[in-house]
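Chemist: Protein chains in written order, with my numbering: chain V, 122 to 556; chain G, 505 to 690.
It is possible that some hints are incorrect.
Some residues of chain G that are not near chain V, with every Cβ distance over 10 Å (derived) [said to hold, decoys possible]:
1. Glu540
2. Ala590
3. His610
Stretch-level coverage of chain V by chain G, calculated; a stretch enters the list once three of its residues show a Cβ under 8 Å from a Cβ in chain G [what the hints assert, rightly or not]:
4. 188-200
5. 204-218
6. 282-293
7. 304-318
Calculated directly from the structure, the hints in this document are not laboratory data.
Glycine is no exception: its CB is placed at the ideal position from the N, C-alpha and C atoms.
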Amino acid sequence: MGYPHPPHPKETVVLSKHFGDAEARTFEGWVTRGGYEGLKKALGMTPEQIIEEVKASGLRGRGGAGFPTGLKWSFVPKNDGKPHYLVCNADESEPGTFKDREIMRWTPHGLIEGVAIAAYAIGSERAYIYIRGEFTEPWRIMSAAVEEAYRHGALGGNVFGTGKRIDITLHRGAGAYICGEETALLNSIEGKRGNPRIKPPFPAIAGLFGMPTAVNNVETLAAVPHIILRGAAWYTGLCLGNPKSTGTKLVSICGHVQRPGNYEVTLGTPLKEILYDMAGGPRPGRRIKAVIPGGSSVPILTAEEADATIFDYEGVVAAGSMLGSAGMIVMDDTTDMVYQIMRLARFYAHESCAQCTQCREGTAWSTRILERILAGNGKPEDLELLLDLADNMTGKTICVLSDSCAAPIVSGIKKFRGEFEAYLKKLRQPALVAV
Amino acid sequence: MSDTVGAPRGPQRGASAHGGHGTEADAAYQPVFVGETRAKLEKLFEQYPTKQACLLPALWMVQEQRGWISERAIGEVAEVLGLTPAYVKGVVTFYTMYHTHPVGRHFIQVCTTSPCNICGAEDVVKAFLQHTGCGELGATSADGRFTVIEVECLGACGFATPVLIDDDFHESVTPEGVPALLQRYK
Ligand SMILES: Cc1cc2nc3c(=O)[nH]c(=O)nc-3n(C[C@H](O)[C@H](O)[C@H](O)COP(=O)(O)O)c2cc1C
Ligand code: SF4
Ligand code: FES
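Isolated chain V (complex conformation) (with noise of 0.2 Å):
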């Protein structure tokens, strides 16, 4: 539901039923609502099985990627004697997006089957749970409810009677946007410095201390107790039109707008909804500008774009970005666009691992570019310099973390082009100091 605030009719509520319901965080209380019924029906099945079930669901992966979830798990090699790990990307930093915080928040336990069907399911008898280090209170409730799913059997040597073995360690992370990035993750916990790996090898293959590895968010493990228990069919169901798009989503609004929160919606509803009618639109006397539709790291819509936007994840590509992580960024007409793309192209550059030069020059060299131009020197051919750096930081890297700076800068300048041009011809005042 619209957490915190009240369900929206249109709204399809799944992973958020309990969002805001502090006794579903308990083993007892979630069992009532419910919860461990996937579980143990996923126990009773075969790993292929599984695997089958979620891959006809259309079940496709939440952190922002999309890749099908099912085709994943299937891409870990059977009976190769090797371990296998499960890992639950919970590094949550993408700018805008803050809905994983509050699965684990409310619903730990579900997050908890999730991961130990998933582990079962690419046999992995030990998973692994990335929290980032600033979730602080996502952290006690996920370790507070492990605790209890051991003592209540749901997790250890012998789960819930089968013989069958899951264990899960909780894993916190310590400051890097850039561990968010699966095989950055892995290094992470393998005690490492966070830089991404260059793939091939995929972490299928290996992984997690160089094993068949799973990586997937928490929202997308979340899911998957409700597709066992209820079916694939039911979950495809889920569908507004596009079969490509199946489920629900989660999508946290942000920025300027009235009622900003996470609301879950099935694939496919139109943009404006959740915008106008779920988020109650701008602010008073205030219209919509920008819409950042999938975290910060998509090109910007206009607010026009995004009112003909249907979202899902081939419809905001169709609008001219993508569904990402669906961290919705709203901006009115109070905001400054340039001002705020240099803020996004300072967070790719304190985030860049530096270790492409493409990545590391380029993310710091656009950033001081913007901060010229916000603070009047910027020169008349600036905006092609940008344009032309972002170019060679798209594409040409280990990680797409370059590509995701240069994404807001190209479409930022593209659609508000007047607003960059009024500082280079200095009819704005500066909106930094020269340094």
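On the provided structure of chain V, position chain G with the ligands as indicated by the hints.
Modeler: Frame of chain V; chain G with the ligands shown alone:
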């Protein structure tokens, strides 16, 4: 992290911060990994196939006990995990949440990334700097009570402005709310 902006190391401040050892070299170093802490770490070893994987957890244990991670502590962690101090240092400096210098008794992290920025996060930072007496980012107040830094997205953008004070996560902090909030941290 590349060594650019905003990382919570900042210039060295506080009585014992001279290149990280200073006074510490004079006093006898009290090891962290003894007794209960040692037992906690040993228990963690069982959950990973390598000792090295316990590096981040071990560093957290140091910081929880000592407030920051000194050169001597880096040496101890290296020894306990069978790594070299240089390697451990390389990892410590990658992650922004580890302090390689002493910080105030209460460490305040304010998000100023775009989603919070457009909702007034920079004014919240100003209020913290003013009411803590820190004056500037990364500096510790004269009474040693506070250090304030700006951080990137805290993953709570719908609750602008989120602020992390020590291990307490505060949502929807406004400049007006800062003085009352600070009262809770002595
Ligand atoms: C720079 C960067 C940061 C990322 N951060 C996250 C994150 O915080 N959480 C997440 O689930 N995925 C993140 N991803 C995506 C992961 O690499 C990976 O695709 C995802 O965890 C896979 O899970 P899924 O298939 O369930 O979505 C990030 C990717 C990049 C390139
Ligand atoms: S693109 Fe940037 S963040 Fe990604 S691996 Fe290269 S330097 Fe690191
Ligand atoms: S941008 Fe401030 S919490 Fe995400």
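Chemist: All hints, please: hold or fail.
Modeler: A quick look at each hint next to the structure:
1. Annotated as non-interface, Glu540 of chain G keeps its C-beta farther than 10 Å from every C-beta of chain V; the closest such distance is 17 Å.
2. With a minimum CB-CB distance of about 13 Å to chain V, Ala590 of chain G clears the 10 Å threshold, and the non-interface call stands.
3. Non-interface status of His610 of chain G relative to chain V is upheld: no Cβ of that chain comes within 10 Å, the nearest being about 14 Å off.
4. Beta-carbon proximity to chain G at under 8 Å applies to 0 residues in the region 188-200 of chain V; the threshold of 3 is not reached and the given coverage is violated.
5. Counting residues of the region 204-218 of chain V whose beta carbon lies closer than 8 Å to any beta carbon of chain G gives 7, which reaches the threshold of three, so the coverage claim holds.
6. Only residues whose C-beta sits within less than 8 Å of a C-beta in chain G count toward coverage, and the region 282-293 of chain V has 4 of them, enough to reach three; the restraint holds.
7. Counting residues of the region 304-318 of chain V whose beta-carbon sits less than 8 Å from any beta-carbon of chain G gives 7, enough to reach three: the coverage restraint holds.
Taken one by one, the earlier hints fail for this structure only at number 4.
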